[in-house]
Amino acid sequence: MTSSTSAVSAALALIALIAVKLSHLQALVIFALVISVAFGFLGRRQPKERVKYILWTLLLFLLVGVGIGWAMYPFSR
Amino acid sequence: MAEETTAQEPVSQPQNSRREALALVVGVAGWLVPGLGHALLKMWGRAVICFLTVGVLVWVGAGMRGNLFTSRGNDAFDSLGYIADLGTGGFYFVARSLETNGPDVSRADGDYGTRFLATAGVFNLLAALHAYEAARGRKA
Numbered sequence: 001m002t003s004s005t006s007a008v009s010a011a012l013a014l015i016a017l018i019a020v021k022l023s024h025l026q027a028l029v030i031f032a033l034v035i036s037v038a039f040g041f042l043g044r045r046q047p048k049e050r051v052k053y054i055l056w057t058l059l060l061f062l063l064v065g066v067g068i069g070w071a072m073y074p075f076s077r
Numbered sequence: 001m002a003e004e005t006t007a008q009e010p011v012s013q014p015q016n017s018r019r020e021a022l023a024l025v026v027g028v029a030g031w032l033v034p035g036l037g038h039a040l041l042k043m044w045g046r047a048v049i050c051f052l053t054v055g056v057l058v059w060v061g062a063g064m065r066g067n068l069f070t071s072r073g074n075d076a077f078d079s080l081g082y083i084a085d086l087g088t089g090g091f092y093f094v095a096r097s098l099e100t101n102g103p104d105v106s107r108a109d110g111d112y113g114t115r116f117l118a119t120a121g122v123f124n125l126l127a128a129l130h131a132y133e134a135a136r137g138r139k140a
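Each protein sequence line maps, in turn, to chains A and B. So that you can map any letter, position 48 of the first sequence is 48 in our numbering, and since no number is skipped, the others follow by simple counting. So that you can map any letter, position 134 of the second sequence is 134 in our numbering, and since no number is skipped, the others follow by simple counting.
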């Protein structure tokens with residue numbers, strides 16, 4: 001009984017987590033982070049090189065994302 | 001390229017076709033279940049990363065109510081979106097079950113979610129291709 005109740009509450013917590021709202025910046029950061037880490041691990045690199053690659057890719061993702069956002073700003077109204 | 005060929009040990013034809021078939025199985029497995037292709041090759045780190053990456057992207061994309069395309073698309077972009085979404089393999093159906101309220105692209109969130117889902121699919125296809133190449137004996 002207790003285990004089934006905890007399973008239901010865990011499922012409800014999961015659904016609540018899915019419905020969480022993200023700001024544009026949060027979505028950008030999550031996207032950049034996940035893809036950077038994935039690309040970093042997909043290639044054949046030494047651990048130190050891998051960390052450098054992940055950080056560099058993450059930085060470029062964020063810079064380009066924010067840069068394109070600002071470039072589109074004059075056309076937004 | 002020629003140096004690589006000469007450096008490799010000579011492989012007999014049946015062995016070669018067997019390796020090719022195995023690589024195909026690895027590739028298809030990696031597509032159906034993200035990370036399974038790498039897991040079959042005992043590349044555990046990459047398997048976990050692929051599974052988590054595709055899982056997180058699908059989870060967030062479905063949570064943002066992104067558009068999950070179906071085969072009944074109206075134009076070429078819908079068809080391309082469907083192909084990209086199908087790239088997630090089994091996670092396509094997970095995303096379908098997570099999106100209980102259906103997509104909502106009237107807000108920016110839904111539009112972002114659509115991109116998350118498509119990226120998950122394209123990344124999984126890339127990962128499956130990587131596993132396939134690794135199984136064929138190419139440097140990966």
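Since the hints were derived computationally from the structure, they do not count as laboratory data. Being a predicted model, the structure only gives us computed values, none of them experimental. Yeah, the Cβ is synthetic: ideal placement off N, Cα and C, and Gly gets one too. Hints are supplied without guarantee of correctness; some may be wrong.
[To be verified] Sample of chain B residues lacking proximity to chain A, with all beta carbon distances greater than 12 Å (derived):
| no. | residue |
| --- | --- |
| 1 | V33 |
| 2 | V105 |
| 3 | T119 |
[To be verified] Each computed DMTMM-like pair below joins lysine to aspartate or glutamate, with the alpha-carbon atoms no more than 25 Å apart:
| no. | chain 1 | residue 1 | chain 2 | residue 2 |
| --- | --- | --- | --- | --- |
| 4 | B | K42 | A | E49 |
| 5 | A | K21 | B | D111 |
| 6 | A | K21 | B | D75 |
Structure-based check of all given hints:
no.	hint	result
1	V33	16 Å, holds
2	V105	14 Å, holds
3	T119	7 Å, violated
4	K42(B) - E49(A)	22 Å, holds
5	K21(A) - D111(B)	13 Å, holds
6	K21(A) - D75(B)	30 Å, violated
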